[in-house]
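Enquirer: Now for the letters of each chain:
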Amino acid sequence: MARRRVIIAVASGLLCAMVAATPARAQTAASARSAVASGLGVRAFGVFEWQKMAASRTFDAVTDKTTLSGVGAGAEVHRLWRNVFVRASFSQSKETGQRVFVFNNEVFKLGVPVEVSATPIELAVGWRFTPFSSRGIVPYLGGGALFLKYSETSSGDERSDQVHETYKGFAVFGGLEVPVWRHVSAGAELGWRSANVPEPGGVLEAFDEKNLGGLAMRLMVSVRK
Amino acid sequence: MTASTIRLSVVACACALAALFALHDGSLVAQEPVVDQGAVADQTSAEAQAPAPPQFLTTPARLLALTQAASQQLNYIPGEVIVKFRQGVTPGQQTRALAALRSIPAADQLQWIADRTARISDPADPDSIGMAQNLARQPEVEYAHPNWLLHKQSVPNDTSYAARQWNMTLLDMPRAWDINPGGAGVTVAVIDTGLTSITATYPFKTWDGTAIVTAQMPFAINPDFDAARIAAGRDFVFWNGPVLDSDGHGTHVSGTVAQTTNNSLGYAGMAYGAKLMPLKVCLSFWDIQILQAEFGITGYPPLNAGGCPDSDVVAAIHYAADNGAKVINLSLGGTDPSPSFRDALNYATGRGVFVAMSAGNEFDDGNPTTYPASYGPQVAGAMAVGAVGRSSNRAAYSSTGTFVEIAAPGGDVADGGGNGVVWQMGISYVDYDPAVIIFPRFDRYGSVGYQGTSMASPHVAGLAALLMSQGVTKPAAVEALIAATARDLGAKGRDNDFGAGLIQPRAALRGFGVVR
Chain C
6 MARRRVIIAV ASGLLCAMVA ATPARAQTAA SARSAVASGL GVRAFGVFEW
56 QKMAASRTFD AVTDKTTLSG VGAGAEVHRL WRNVFVRASF SQSKETGQRV
106 FVFNNEVFKL GVPVEVSATP IELAVGWRFT PFSSRGIVPY LGGGALFLKY
156 SETSSGDERS DQVHETYKGF AVFGGLEVPV WRHVSAGAEL GWRSANVPEP
206 GGVLEAFDEK NLGGLAMRLM VSVRK
Chain R
883 MTASTIRLSV VACACALAAL FALHDGSLVA QEPVVDQGAV ADQTSAEAQA
933 PAPPQFLTTP ARLLALTQAA SQQLNYIPGE VIVKFRQGVT PGQQTRALAA
983 LRSIPAADQL QWIADRTARI SDPADPDSIG MAQNLARQPE VEYAHPNWLL
1033 HKQSVPNDTS YAARQWNMTL LDMPRAWDIN PGGAGVTVAV IDTGLTSITA
1083 TYPFKTWDGT AIVTAQMPFA INPDFDAARI AAGRDFVFWN GPVLDSDGHG
1133 THVSGTVAQT TNNSLGYAGM AYGAKLMPLK VCLSFWDIQI LQAEFGITGY
1183 PPLNAGGCPD SDVVAAIHYA ADNGAKVINL SLGGTDPSPS FRDALNYATG
1233 RGVFVAMSAG NEFDDGNPTT YPASYGPQVA GAMAVGAVGR SSNRAAYSST
1283 GTFVEIAAPG GDVADGGGNG VVWQMGISYV DYDPAVIIFP RFDRYGSVGY
1333 QGTSMASPHV AGLAALLMSQ GVTKPAAVEA LIAATARDLG AKGRDNDFGA
1383 GLIQPRAALR GFGVVR
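Chain order of the listed sequences is C and R. FYI, in the numbering used here the residues of the first sequence are 6 to 230. FYI, in the numbering used here the residues of the second sequence are 883 to 1398.
These are calculated hints, taken from the structure and not from any lab test.
Okay, the calculated beta carbon distance ranges per label pair:
id, chain 1, residue 1, chain 2, residue 2, range
1, C, Gly206, R, Gln955, 47 to 53 angstroms
2, C, Asn110, R, Asp1204, 25 to 31 angstroms
3, C, Lys173, R, Ser1274, 36 to 42 angstroms
4, C, Glu163, R, Asp1204, 40 to 46 angstroms
5, C, Asn110, R, Gln1260, 21 to 27 angstroms
The C-beta atom is built at its ideal place from N, Cα and C for all residues, glycine as well.
Could you put together the complete structure from these sequences and hints?
Expert: Structure below.
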């Protein structure tokens, strides 16, 4: 239910941006040219992101945090057809905490250090809208498949104790980008990731949570060619 | 003189004593007590200089009742009941209820052992069951039952086998200790036959086959037990002096809980950094023998004399909970329900104390429901522990039923022979074997093997101490964690043989991460 609300909120925001972007006549010809050029284009980008975890109680119990931060990178191919683009991206977040036992919603910390690492890999398709300001602000929306590589290790672990899994799911996102200098743009993006653990154990099970995704906010810098 | 010659001599002496005992046995009650006047005189002159010696806690009347219980195979102390009055009952109303008893004891004659719960002794009426029924019918009474005699739930085994702690290997303890080395900071109360907490020699009276004599009986602290980790204990049944184990059961159980480890000596214990609080509630053969002689009663008591009175176990549980213990081990049991036990367990867990209880060794004896283990499922934070042998199969003797909550190594000679029992550093049995020894000593230690759910329970108590030390401080959470991390054995899921399965200390200590 919460996830649905987030998706609706993201979509609504981006819809508003689209509507606002529609009056192309408000733009200058130069900025429009710079924002939407013709022909295939490629861009690479770097990302700094925060993800508010859907399994917030679980992560709060283990890491004392409900948000994971990380860095990543990706690439897009533009104008495959009209304003359609495809994207491949990844990011990596790591956090340390300690293993716990949850009983009747009470968390007992056991002092055994644990490091969790999440690497979401997204393969997505999106639509880039017409710039809606003279500064060439471009809104976009997209969505696609998510492969979440997840690991969980503790000191003294044997291989069989460790968790190294890849969970499948989906991701939707939308954002705005602004040209800042020649081929360089900056952007902000909001997205939702869903990657359910099929048979949750550990603290996820204790809190009846299973989604290792969540609400992601990203700051991006891209270079296009 | 060869060892076999010595052994033959000992056996011959034992036979002679057995014959003497047989001669005296029938007249034990009828005879006038014979008092060893010389020994009394010696003691009197010594008392003039020394501080007051400890007082024996068992009265002659109670001692007689205990020996009657042994000789008549009774599972209660004749003439004793435990009664709990309803909330709000005044002393006057208590007196009215007590009028149902033959001796009509006054309310101030009750020995209170817990909230609204008292032990009543009526030597004039040995029918404890009838007494309890009469009392239970009174409107002021919540419940009443005989003062049941619990028994140790283990079987001593040959002590000459080399030590092999397969139990610790089975539980992967070395890797568990990597996570928590020994459970420091936690006190475990072992409610049992005691753990000797002093090295001293006592001049106790005993029967030498012909007369009551004073014998020097040496006791010593287990050399494989760091004396600094023995917390102040208490003797509830023998005397008000230091806790002494003249049976060996309590020492063995304590060893499994917390024997000193990594000291190049003897054996390892589960929670070797924890403190041990020895609470003696069981009278052994030698306790009875000494008390009997001290009271001037001649002869030997039956070899099965002794036991652990319900009332003293309840009092010890309260004592442990009120004096800093965080874990209690109860390797005791009987087949009679005792609501006072259930109340005591609730009291202990309510004060943050986890309780491990042996599930019973009566599978081959009709597999009756055993107590207090059967209260385990009703009390969050108290667990009934069944036993497995070295192959992780249910030990042949281990009682089964819906009350079995968890399993741990208890040993099984049918599964590995002598190497299949649980070994600890214990009191050398050949020094006090009541069947052959006249003047026992309790100061020499060696490898001692036992099997029983008595041996399984302290594994769980030790694990609970490790978990408490690791940060799981609520008894109900300790129970849930032990069950959640157990290795499922037998039928899938919980079953009546193993409960949730075999404890996995390392998994329990590791707890859980996000997904596993």
